[in-house]
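When the letters of the sequence shown are read in order and numbered with this note's numbering, they come out as residues 1 to 147.
Just so you know, the hints here were simulated from the structure itself, not pulled from any lab data.
Be aware that a few hints might be false.
With a straight-line Cα cutoff of 20 Å, these simulated SDA-like cross-link-like pairs (lysine to any residue) come out [unchecked claim]:
#: 1; residue 1: K56; residue 2: L105
#: 2; residue 1: K113; residue 2: P98
#: 3; residue 1: K56; residue 2: G99
#: 4; residue 1: K56; residue 2: K29
#: 5; residue 1: K29; residue 2: A11
For each label pair, taking beta carbons as the anchor points, the in silico distance ranges come out as [what the hints assert, rightly or not]:
#: 6; residue 1: S129; residue 2: S18; range: 16 to 26 Å
#: 7; residue 1: N131; residue 2: I27; range: 12 to 22 Å
#: 8; residue 1: I140; residue 2: H19; range: 21 to 31 Å
Don't be surprised by glycine CBs; every beta carbon is placed ideally from N, CA and C.
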Amino acid sequence: MNIIFHISIGAGIIASVSHLEINSFKIGKVSSGFVLGLISHGILDYTPHCYPINSKLDFFISLFLIATIIYFVQKKYRVLISAILLGCVFPDIVDLAPGIVNTQLKSNLPTFKNIFPWHHHEYSGSIYSGNCSVSNINHILTIPLTQ
Numbered sequence: 001m002n003i004i005f006h007i008s009i010g011a012g013i014i015a016s017v018s019h020l021e022i023n024s025f026k027i028g029k030v031s032s033g034f035v036l037g038l039i040s041h042g043i044l045d046y047t048p049h050c051y052p053i054n055s056k057l058d059f060f061i062s063l064f065l066i067a068t069i070i071y072f073v074q075k076k077y078r079v080l081i082s083a084i085l086l087g088c089v090f091p092d093i094v095d096l097a098p099g100i101v102n103t104q105l106k107s108n109l110p111t112f113k114n115i116f117p118w119h120h121h122e123y124s125g126s127i128y129s130g131n132c133s134v135s136n137i138n139h140i141l142t143i144p145l146t147q
């Protein structure tokens, strides 16, 4: 699934934990936020999906969204919010980023077998048939359900 949708779910997680009182760095809350981001990533990648947004555009818009969210959040929440957003994109950074960087920049970063199961072909919801109607419904429902 496009990164934008992972960030959108991350925003929903952020909204759901916004009531928590965080006056100091709490490793339990931060690691829980990261794990929630990871779980949401797996759920989204497991659901049937196509990629409606160009990958370069998706990358730049997502980077802008992450930076904007972190910039505008109160300072005491930045570590937690960053952990949630990192959890939402971490599987793609680990499994997919080296290959994408190699393709885009003609570099030679080492690539390894995917760690996260939803990036394995048999567990991925990626649709290769070209029929994206179910994917379109999933994408349309993702954003309003997270807000």
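*Within 20 Å, alpha carbon to alpha carbon, are K56 and L105?*
Given that 20 Å is the threshold and the Cα spacing comes to 12 Å, the pair holds.
*Does the structure keep K113 and P98 at a Cα separation of 20 Å or less?*
It holds: about 11 Å lies between the C-alpha atoms, which stays within 20 Å.
*Outcome of range test on Cβ distance (S129, S18; 16 to 26 Å)*: The hinted range 16 to 26 Å is violated for S129 and S18, with Cβ atoms some 40 Å apart.
*asked:* Taking 12 to 22 Å as the stated bounds, is the beta-carbon spacing between N131 and I27 within them?
replied: Check failed, 45 Å falls outside 12 to 22 Å.
*Does 21 to 31 Å hold as the CB distance between I140 and H19, or does it fail?*
holds (28 Å)
*Straight-line Cα separation of K56 and G99 no greater than 20 Å?*
holds (14 Å)
*Is K56 within 20 Å of K29, Cα to Cα?*
violated (33 Å)
_Proposed proximity, A11 with K29 (alpha carbon, max 20 Å)_ = holds (16 Å)
Comparing the model with each earlier hint shows violations of hints 4, 6 and 7; every other hint is respected.
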